[in-house]
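Peer 1: These protein sequence lines map, in sequence, to chains C and X.
The first sequence begins at 1 in the numbering used here and counts up by one.
The second sequence begins at 1 in the numbering used here and counts up by one.
These aren't lab readings, by the way, just hints derived from the structure by calculation.
Values in this document were obtained by computation on a predicted structure and should not be read as measured data.
Even for Gly, the Cβ is constructed at its ideal location relative to N, Cα and C.
Treat the hints with caution; some may be incorrect.
[To be verified] To give an idea of the chain X side of the interface with chain C (calculated C-beta under 10 Å), a few residues:
(1) Asp-83
(2) Leu-87
(3) Val-99
(4) Lys-103
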Amino acid sequence: MATAVDVATATTDVLAYYGSGCLVGIAVRETVGTNPAAVQVRDGDSVGGDVIAMGSVAANGIVYVPVPAVNFQTGLFVDRSGTGSSEVILYLL
Amino acid sequence: MALVPFAKPSDLKILAPAVTDEYAELVLDLVSGTIRNALGWNVDKEVDAVYTKVIPAGQTYLDCVVLPALNLTSIKSNGVVVDGITLASTEYDATSAGVVYLKVLAWQTVSITYTAGYQRAPLDTAPPVLRSVALDYASRMLGNPSGVRSYAMGGTAETFGEDISTLAADDERLDPFRVTQ
Numbered sequence: 001m002a003t004a005v006d007v008a009t010a011t012t013d014v015l016a017y018y019g020s021g022c023l024v025g026i027a028v029r030e031t032v033g034t035n036p037a038a039v040q041v042r043d044g045d046s047v048g049g050d051v052i053a054m055g056s057v058a059a060n061g062i063v064y065v066p067v068p069a070v071n072f073q074t075g076l077f078v079d080r081s082g083t084g085s086s087e088v089i090l091y092l093l
Numbered sequence: 001m002a003l004v005p006f007a008k009p010s011d012l013k014i015l016a017p018a019v020t021d022e023y024a025e026l027v028l029d030l031v032s033g034t035i036r037n038a039l040g041w042n043v044d045k046e047v048d049a050v051y052t053k054v055i056p057a058g059q060t061y062l063d064c065v066v067l068p069a070l071n072l073t074s075i076k077s078n079g080v081v082v083d084g085i086t087l088a089s090t091e092y093d094a095t096s097a098g099v100v101y102l103k104v105l106a107w108q109t110v111s112i113t114y115t116a117g118y119q120r121a122p123l124d125t126a127p128p129v130l131r132s133v134a135l136d137y138a139s140r141m142l143g144n145p146s147g148v149r150s151y152a153m154g155g156t157a158e159t160f161g162e163d164i165s166t167l168a169a170d171d172e173r174l175d176p177f178r179v180t181q
């Protein structure tokens with residue numbers, strides 16, 4: 001059963017999960033409704049971590065991305081850019 | 001820039017000495033165009049070509065992009081971009097067959113700027129088999145320009161075993177140079 005890690009809506013970067021694990025899905029929602037938001041999910045505890053998955057979501061948009069199970073070692077760092085505000089949910093095993 | 005035919009008129013004139021230069025050039029242009037259509041790419045070297053891959057329906061992410069070209073020689077610096085974000089060269093691998101493996105999962109359009117294909121002039125580095133196919137096909141066109149498959153005249157009838165006006169006979173030789181999208 002996958003566990004959902006909810007990253008509250010914001011424009012700033014955040015360490016969403018610390019420790020190793022397996023990522024199986026990502027959902028991203030833009031919440032302000034005027035600009036798109038871009039998100040990079042990194043394996044690490046900072047913007048220096050390797051990017052695992054990346055993409056963007058349109059203003060008011062939502063994307064759900066089931067991914068092949070990806071192991072990560074250090075943690076999951078959500079690196080946000082763009083002017084939109086995004087809520088991110090990471091699904092882990 | 002005009003694409004270079006796969007064989008020269010002088011090559012064809014060795015096989016068919018009665019053909020004029022202009023006719024040989026025309027036939028080789030037509031034949032080369034048909035071969036390019038069959039292969040799915042133009043074969044000639046392209047520098048800094050740009051290919052944009054949109055996520056196909058039913059797929060949620062990209063982790064691999066197959067470029068519409070072979071003999072990939074380089075990916076431009078900062079040439080792999082996912083939705084406006086440039087990937088570092090450590091975030092992808094590419095093969096000479098034109099396959100770019102992304103080490104990230106991209107849920108948006110991926111754009112790649114690359115150099116691929118074969119230099120055609122002054123030195124022609126295209127695989128020699130393409131020259132051979134072009135000359136064979138051109139010879140068939142010259143011998144049977146309307147693609148007749150059988151005919152009968154008086155008491156004589158002749159049937160050709162295959163449609164000699166197509167490239168079907170050359171499929172096996174062309175297969176290694178096809179790209180599919």
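Peer 1: If a hint holds in the structure, say so; if it does not, say that too.
Peer 2: Here is what the structure says about each hint:
| no. | hint | in the structure |
| --- | --- | --- |
| 1 | Asp-83 | 5 Å, holds |
| 2 | Leu-87 | 8 Å, holds |
| 3 | Val-99 | 17 Å, violated |
| 4 | Lys-103 | 7 Å, holds |
The structure does not agree with numbered hint 3 stated previously, though it agrees with all others.
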